[in-house]
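> Whole structure, please, built from the sequences with the hints as guidance.
First to last, the protein sequences are chains A and B.
Heads up: the first sequence is residues 1 to 487, going by this note's numbering.
Heads up: the second sequence is residues 1 to 159, going by this note's numbering.
Think of the hints as simulated: they come from the structure by calculation, not from any bench.
Hints are not guaranteed to be accurate.
Claimed, not checked - To list a few chain A residues with every Cβ distance to chain B over 12 Å, as calculated:
#1 L177
#2 V262
#3 Q287
#4 R328
#5 R355
#6 L387
#7 K452
As the list claims (entries may be wrong) - Covered by chain A, per the in silico footprint, the following chain B stretches (three or more residues, Cβ under 8 Å):
#8 39–48
#9 54–61
Said to hold, decoys possible - Sample of chain B residues lacking proximity to chain A, with all beta carbon distances greater than 12 Å (derived):
#10 V20
#11 F66
#12 P82
#13 E84
#14 Q88
#15 Q115
Keep in mind the model is a prediction, meaning the values are calculated, not measured.
From the three backbone atoms N, C-alpha and C, an ideal C-beta is built for every residue, glycine too.
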Amino acid sequence: MNSSQHVFERRLHPVGMLLAALSTVRDFSGAAALAGVVALIDGEFGMRTLLLVLVGLALLGALSMVWGFLSWRATTYRVSGGAFHFKRGVLQKSERSLPLDHVQSVNTVQGIVQRLFGVLEVRIEAAGGGGEPEISLPALSRPEVEALREELQSARLTYEGADETSVESSPTMIRRLSVRDLFLAGLTSGQIGVAAAVVFGAWRTLDDLLRGDLAGRISEALLPRTFFAALLLAFAVALFAWVLAILGTVLAHADFTLSRSVDGKYLYVKRGLLNRYETTIPVARIQAIKVVEGALRQPLGYAALQVESAGFADERGVSTALFPLLPRKEVEDVLRGAAPRFAAPLEHLKPLPARARRRYCVRAALSALPISVLLSVLLFPWGLLALLFALPAALYGSLLYRAAGHGLDGDRLVLRFRRLARTTIVAPRGRLQSRGFSVSPFQRRQRLATLKVEVASGSGGAAFRLADVEAASATDMVERLGPEIVA
Amino acid sequence: MKAEPEKWLDPRAKLLWRLVGALQAAPVLIGGAFGSYALFGWADATPYLAVLPLVAALALAVLFVFVLPPLVWRRWRYEIRPLEVDVQRGLLRVTRTLVPMTRVQHVDTRRGPLQRHLGLSTVVFYTAAGPNEIPQLAQDTASEVRDRIAELTRGADEL
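Pasting the structure below:
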């Protein structure tokens, strides 16, 4: 065992002071801004207020700088004795030790300020059930990051007894997102709904803030042409939301590259326009691959790739983007390059039996029933029209049926179903935590069953179900995905 | 694949579920009685109408205490095979779950106060995707099942 050569404590890059100061300013500026806005609206914005605000700002800035320096001085880290030690805190000191074999992955993020100064934020993700949050080192220079990464990894490799030779060489790139695909991803992201909600939310806040004056005046001005205005407004909001959605995707996924370490044990994802994110995914921890074809992407033949991976202590590690947009036909190739265990052919899945279609339609129609009944009762005679919702619902059920399918490629299970987006799951037998099926009385009569498999995901599990599979094939799959008889 | 796992839960499970059912039914019964009383005493409803809430509550209680426990018991099966645990349960919708030994991380037995009184115990085995239960085994059987799963898990890991 080689004892580490860096047993001395190391500090962050001096930019860390600035970052700490900025985050302090950010914490307090919310309150300050609110006071400013209130002063503005009350119309008492005289010379004296201005002076007061300026003095306040200067004071805030100075205190923040001092605080930034103190917290920079208090933050140290070192790798020694098989653990990563992290100290911080100006008034309340805290010290954490993370055993190196609990280090799940070392990711980096580069915010705007960090980019300006050429430093990176390092996030060390801890594995295991302890629910430990990740450790964040807000500013390290690139060589420092590499040194730390190497130390963490080489210590881990010694622990796992693997050879260290391969760590040095640079990773091979598997795929990079082109600018065209980036914009296509934004256009088809389906986040319009989310963005629209944000726009409406902002509008409401503005409305509250301005005490209804502005909104009132606008609607008064538009009132004579209400219908047109509403239409125009809706159109404008939708357009704005769409632009926002595109912008969001571009910011998050610009220059998305997926690469693989030479020994094939790690995948690296780099992405982001303003903030650069670098995520490490240990291939051995991937539990299942999800191929998601959004409603707008499927007709164009595009899909997104996600991984379910286990062992992340934080809740958001559940499903990670592996690649945001690629032609469906190339999915298998990319998977073969990135995680060959999961490269199953996605075409020619076995469809559900024809008698399952009626069940899908009926189920979807029934799910629309409560709201139809509610509307029927509330708006009595005309509300009865709501019962017609059953028709489009049944049509949707039919679509769900058409999308569904399953396959067994060697020891890999492939399940396909639709939840708005058509989703295909690939999970090898060795990753299934449990498998089984359930049969309702209605299904029993038609010899159908609901297949269910579980994989580990995050600190818990993810279950995938496929309703109304031929009962015989459900049993067959469950059997063939079972543990092998030891020879 | 076998049509059903072969082992049954302890017959005392039915008694336990009846007791639990009775405890659950008690507030419903009280609610029903109060509803009838309110209808009869305050709203001057006809006796036929007034008695309805109480009857409904009683029917529910009978269902919980007398009808469901034996039905649930008859469905519940389990089997510890060398390579996996096989569990079947469900009242109307029958669910079958198979968990390979290699996926089992650890096994517990646990007992609530009612279970302790009846000499019953629940075996819980955990995979990375969450816990699975075999409830209401006789205490000795539960310990045996727990130890057997633990032993088989260890064996499977060494392979």
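> Give a verdict on every hint.
Going down the list of hints, with the structure as the test:
1. L177: 32 Å, holds
2. V262: 29 Å, holds
3. Q287: 8 Å, violated
4. R328: 28 Å, holds
5. R355: 18 Å, holds
6. L387: L387 of chain A is indeed farther than 12 Å from all Cβ atoms of chain B, at 27 Å.
7. K452: 8 Å, violated
8. 39–48: violated (count 0)
9. 54–61: violated (count 0)
10. V20: Non-interface label on V20 of chain B holds, nearest chain A Cβ at 23 Å vs cutoff 12 Å.
11. F66: With a cut-off of 12 Å, F66 of chain B remains clear of chain A, as the shortest Cβ separation is near 21 Å.
12. P82: 9 Å, violated
13. E84: 6 Å, violated
14. Q88: 9 Å, violated
15. Q115: Holds, because the least Cβ-Cβ distance between Q115 of chain B and chain A comes to about 25 Å, which exceeds 12 Å.
Taken one by one, the earlier hints fail for this structure at numbers 3, 7, 8, 9, 12, 13 and 14, listed in ascending order.
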